[in-house]
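Enquirer: Just so you know, the protein sequences line up as chains A and B, in that order. Residue numbering for the first sequence follows numbering that gives the first Met the number 0, starting at 0 and increasing by one per position. Residue numbering for the second sequence follows numbering that gives the first Met the number 0, starting at 0 and increasing by one per position.
Check each hint, because a few of them may be wrong.
Unchecked claim - Using 25 angstroms as the maximum straight-line C-alpha spacing, the simulated DMTMM-like pairs for lysine to aspartate or glutamate come out as follows:
| # | chain 1 | residue 1 | chain 2 | residue 2 |
| --- | --- | --- | --- | --- |
| 1 | B | K312 | A | E63 |
| 2 | A | K31 | B | D303 |
| 3 | A | K31 | B | D547 |
| 4 | B | K134 | A | D45 |
| 5 | B | K347 | B | D213 |
| 6 | B | K369 | B | D547 |
| 7 | B | K312 | A | D58 |
Said to hold, decoys possible - Stretches of chain A that chain B covers, calculated by requiring three or more beta carbons in the stretch to come under 8 angstroms of a beta carbon on chain B:
| # | region |
| --- | --- |
| 8 | 59-70 |
| 9 | 86-93 |
These are computed hints drawn from the structure, not numbers from a lab. Beta carbons: idealized from backbone N, C-alpha and C, even for Gly.
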Amino acid sequence: MNELNATRRTLSVLVENAAGVLSQVSRLFSRKGYNIESLAVGTTDDPAVSRITIEVMADAPMIEQIMNQLRKQFPVYSVQELKPERSIRRELVMFKVKAETHDIRNEIIQIANIFRASIIDVSLKSLTLALIGDESKAEAMQKLLEAFGILELVRTGMVALERGAYTIEDETKEQTEFNLGKNFL
Amino acid sequence: MRMKTAQILMECLLEQGVDTVFGYPGGTILNVYDEFELHGYKDKIRHILTAHEQGASHAADGYARATGKVGVCFATSGPGATNLTTGIATAYYDSSPVVFITCNVSENLIGKDSFQEVDITGISMPITKCNYLVKDPNTLADILREAFAIARTGRPGPVLVDIAKNVTAAEADYEPLPLAEHPNHGRLAAMLRRASHDLKAPEPDAGDIQTLLDMIEQARRPLVLVGGGVIRSRGAVPQFRQFIETLNAPVASTIMGGGACPGNHRLFTGMIGMHGSHASNMASNQCDLLIAIGCRFSDRVATDPATFAPNAKIVHIDIDRAEIDKNVVTDHHIIGDARRVLELLNAKLPAHDYPEWKEWVFSHKEVPLKKDDILHPHEILETIQAVTDGDAIIATDVGQHQMWCAQYYHFSRPGQFITSGGFGTMGFGLGAAMGAALGNPGKVVVQCTGDGCFRMNCHELCTAEHYNIPVITVIFNNRTLGMVRQWQNLIYHKRFSQTDLDRGPDFVKLAEAYGIQGERAANQPEFEAAFRRAVASGRPYVIECAIDKDAMVHPMVSAGTPVTDFILD
Numbered sequence: 000m001n002e003l004n005a006t007r008r009t010l011s012v013l014v015e016n017a018a019g020v021l022s023q024v025s026r027l028f029s030r031k032g033y034n035i036e037s038l039a040v041g042t043t044d045d046p047a048v049s050r051i052t053i054e055v056m057a058d059a060p061m062i063e064q065i066m067n068q069l070r071k072q073f074p075v076y077s078v079q080e081l082k083p084e085r086s087i088r089r090e091l092v093m094f095k096v097k098a099e100t101h102d103i104r105n106e107i108i109q110i111a112n113i114f115r116a117s118i119i120d121v122s123l124k125s126l127t128l129a130l131i132g133d134e135s136k137a138e139a140m141q142k143l144l145e146a147f148g149i150l151e152l153v154r155t156g157m158v159a160l161e162r163g164a165y166t167i168e169d170e171t172k173e174q175t176e177f178n179l180g181k182n183f184l
Numbered sequence: 000m001r002m003k004t005a006q007i008l009m010e011c012l013l014e015q016g017v018d019t020v021f022g023y024p025g026g027t028i029l030n031v032y033d034e035f036e037l038h039g040y041k042d043k044i045r046h047i048l049t050a051h052e053q054g055a056s057h058a059a060d061g062y063a064r065a066t067g068k069v070g071v072c073f074a075t076s077g078p079g080a081t082n083l084t085t086g087i088a089t090a091y092y093d094s095s096p097v098v099f100i101t102c103n104v105s106e107n108l109i110g111k112d113s114f115q116e117v118d119i120t121g122i123s124m125p126i127t128k129c130n131y132l133v134k135d136p137n138t139l140a141d142i143l144r145e146a147f148a149i150a151r152t153g154r155p156g157p158v159l160v161d162i163a164k165n166v167t168a169a170e171a172d173y174e175p176l177p178l179a180e181h182p183n184h185g186r187l188a189a190m191l192r193r194a195s196h197d198l199k200a201p202e203p204d205a206g207d208i209q210t211l212l213d214m215i216e217q218a219r220r221p222l223v224l225v226g227g228g229v230i231r232s233r234g235a236v237p238q239f240r241q242f243i244e245t246l247n248a249p250v251a252s253t254i255m256g257g258g259a260c261p262g263n264h265r266l267f268t269g270m271i272g273m274h275g276s277h278a279s280n281m282a283s284n285q286c287d288l289l290i291a292i293g294c295r296f297s298d299r300v301a302t303d304p305a306t307f308a309p310n311a312k313i314v315h316i317d318i319d320r321a322e323i324d325k326n327v328v329t330d331h332h333i334i335g336d337a338r339r340v341l342e343l344l345n346a347k348l349p350a351h352d353y354p355e356w357k358e359w360v361f362s363h364k365e366v367p368l369k370k371d372d373i374l375h376p377h378e379i380l381e382t383i384q385a386v387t388d389g390d391a392i393i394a395t396d397v398g399q400h401q402m403w404c405a406q407y408y409h410f411s412r413p414g415q416f417i418t419s420g421g422f423g424t425m426g427f428g429l430g431a432a433m434g435a436a437l438g439n440p441g442k443v444v445v446q447c448t449g450d451g452c453f454r455m456n457c458h459e460l461c462t463a464e465h466y467n468i469p470v471i472t473v474i475f476n477n478r479t480l481g482m483v484r485q486w487q488n489l490i491y492h493k494r495f496s497q498t499d500l501d502r503g504p505d506f507v508k509l510a511e512a513y514g515i516q517g518e519r520a521a522n523q524p525e526f527e528a529a530f531r532r533a534v535a536s537g538r539p540y541v542i543e544c545a546i547d548k549d550a551m552v553h554p555m556v557s558a559g560t561p562v563t564d565f566i567l568d
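Let the sequences and hints guide you as you build the complete structure.
Expert: Here you go:
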């Protein structure tokens with residue numbers, strides 16, 4: 000991989016919802032030496048199909064190669080790179096922040112309002128905030144909250160969809176070729 | 000029909016036309032083995048009991064390579080299953096269709112580190128096309144049909160089906176289904192429906208074909224590079240030969256492509272790569288169009304991908320999209336089955352000739368071969384060639400003898416050269432040769448091996464003896480790990496670390512201990528006489544050949560350097 004051309008890229012993968020499929024997909028990345036930056040998985044409108052959203056640091060040839068390898072896996076139904084300019088990416092981040100006085104709680108709530116984060120839990124000593132956004136928003140909020148003391152932080156991993164009415168199963172010549180990678184019948 | 004799942008498994012093998020299974024029984028696979036006796040399946044399916052599961056895995060692989068049919072291998076859970084892994088990887092790297100059937104512990108014991116329990120589906124994930132853990136008796140028939148279809152079709156490869164022991168004892172409904180109907184039922188049908196196009200006929204893109212035809216018209220110095228894809232694709236070889244006759248350009252081959260182009264063909268430049276011929280490697284350097292069919296530019300072919308075929312437009316024809324631009328960046332590609340692509344090319348390709356280019360390519364001669372009173376590797380292969388009229392199937396292990404086979408034996412048909420090209424598995428040869436012999440009764444099958452390799456799986460001699468599988472084992476005995484020694488000789492300043500094999504056994508006595516005739520040969524006439532006796536015997540046979548310890552494979556190019564940087568003595 001050319002480190003200079005490596006950027007954070009988002010792959011959206013539709014897979015059979017079955018045991019072992021997530022491990023099959025994720026170990027492909029480790030086998031080829033790619034480090035997964037973020038991974039989110041859940042079922043789709045069809046309960047037999049799961050969608051995995053994976054983000055990796057990669058250059059163009061490398062992402063091409065990993066997509067080809069993914070498409071060869073039998074439980075993988077379709078794979079597409081979601082280009083930033085054509086897609087929307089969101090992540091849910093939960094922050095548990097130290098908040099032991101009335102003033103601090105107020106200040107944190109104000110910050111939450113600015114970021115349109117919601118307060119989802121409160122105790123005498125802490126506040127828990129949930130933020131939906133991309134990584135720059137989460138990072139900005141994290142920086143501000145660090146001043147108060149972050150007790151815990153958890154992120155779901157990025158999920159992403161293409162803008163407009165496109166779906167990732169749109170047929171193209173490339174995709175036909177890719178399906179041949181499955182080498183089947 | 001209601002029957003025990005173990006019996007359904009046997010019925011499914013019969014549906015696939017399986018007549019030979021290699022394997023080794025054990026605790027968890029008892030129900031399956033019981034069917035051979037209980038319902039007499041031993042009369043319909045021949046089971047070859049090997050000495051070790053690894054031997055069974057290589058035998059199933061060799062059977063598949065030599066026949067084009069799917070090989071089948073049985074093993075029990077735990078160590079039985081893990082002993083298969085080298086064999087599975089060997090099949091995977093060379094795209095050989097083998098279905099491995101293992102049984103695991105019963106479901107209630109899975110995940111408890113039970114006796115002989117291992118997660119073989121997890122272990123084999125990166126070395127199978129697909130694998131399954133069967134926990135529901137009702138799904139077994141469906142899964143087996145899918146497993147065979149996946150192993151056999153497209154780019155072939157190994158598939159593993161692991162069945163929990165309690166499943167093999169349970170009863171389920173079984174409806175016989177003829178092979179042709181499989182794609183219309185169950186999981187296979189569902190998989191075909193999901194695909195956004197017709198997977199049954201992966202049709203190469205007409206525009207891509209035309210682009211290549213146009214590129215051929217522009218080319219002045221084309222070179223064809225043939226790989227294992229042409230061997231694996233059924234019916235591709237006649238199309239390939241028509242293609243090269245029409246194009247009339249030089250043809251180089253990878254080790255896996257051996258047999259696609261006859262070894263003595265006027266256009267054949269020999270093997271390419273690390274131990275490629277001068278003609279092949281120089282041609283790859285100077286060609287202006289490289290048409291690579293069914294190969295993957297491995298590091299043993301494109302030793303330095305950045306400088307491989309530097310003056311050429313590279314066109315890659317492959318059935319697997321993931322191979323395109325993986326190792327070498329190409330200028331054009333065609334996705335499809337080699338047979339179909341070549342058929343479409345042949346339909347439109349006008350006759351060509353490149354007299355000056357061919358003259359230049361074939362002006363590169365090899366170093367003259369030695370001939371004196373000791374036995375040289377090339378003499379062994381020339382003798383096998385002459386005595387069998389070039390018809391013998393050659394199975395090899397890995398190392399110098401493997402390269403000599405690729406260089407000096409003229410392969411003339413697919414399935415004639417059985418070798419572990421991708422994975423480089425020492426100990427592959429004997430098992431593979433047995434599989435090839437069982438799949439080709441009446442053919443002479445020669446296992447060429449080194450003393451190091453042979454020692455790894457020589458216990459399979461008992462299998463060859465017991466079933467009277469007439470494999471002729473030719474040991475190139477140089478009393479050293481020859482290929483490693485060659486590297487130590489050339490690159491490690493003659494520091495021969497741990498490569499001397501100055502130890503037993505006496506291979507002739509070893510053969511005799513297994514009830515097999517053994518002989519020694521120290522020069523060509525001795526070898527020829529022994530080999531003729533071996534062929535005439537129709538029995539397994541061992542011939543130990545004394546080879547010079549410092550005999551080398553020439554030419555040689557170091558790993559990571561351009562293919563034209565030949566190492567000289």
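Enquirer: In terms of beta carbon proximity below 8 angstroms, does the region 59-70 of chain A have 3 or more residues touching chain B?
Expert: Contact hint for the region 59-70 of chain A vs chain B: holds, 6 residues under 8 angstroms.
Enquirer: Is B:K312 within 25 angstroms of A:E63, Cα to Cα?
Expert: Roughly 21 angstroms separates the two Cα atoms, so the pair holds.
Enquirer: For a C-alpha distance cap of 25 angstroms, please report whether B:K369 and B:D547 respect it.
Expert: Measuring from Cα to Cα gives roughly 12 angstroms; hence the hint holds.
Enquirer: Would the pair A:K31 and B:D547 pass a check requiring their Cα atoms to be no farther apart than 25 angstroms?
Expert: violated, 41 angstroms
Enquirer: With the threshold set at 25 angstroms, check whether the alpha-carbon distance from B:K312 to A:D58 stays at or below it.
Expert: Satisfied, since the Cα-Cα distance of roughly 24 angstroms is no more than 25 angstroms.
Enquirer: Using a Cβ cutoff of 8 angstroms, are there at least 3 residues of the region 86-93 of chain A near chain B, or does the coverage claim fail?
Expert: Per the Cβ count (0), the hint is violated.
Enquirer: Would the pair A:K31 and B:D303 pass a check requiring their Cα atoms to be no farther apart than 25 angstroms?
Expert: Cα-Cα ~20 angstroms, so holds.
Enquirer: For the pair we were handed, B:K347 and B:D213, check the Cα-Cα distance against 25 angstroms.
Expert: Within the cut-off at roughly 11 angstroms; holds.
Enquirer: Hey, B:K134 versus A:D45, does the alpha-carbon distance stay inside 25 angstroms?
Expert: At roughly 24 angstroms apart (the allowed maximum being 25 angstroms), A:D45 and B:K134 satisfy the hint.
Figure legend: structure checked against the earlier numbered hints; hints not met, in rising order: 3 and 9.
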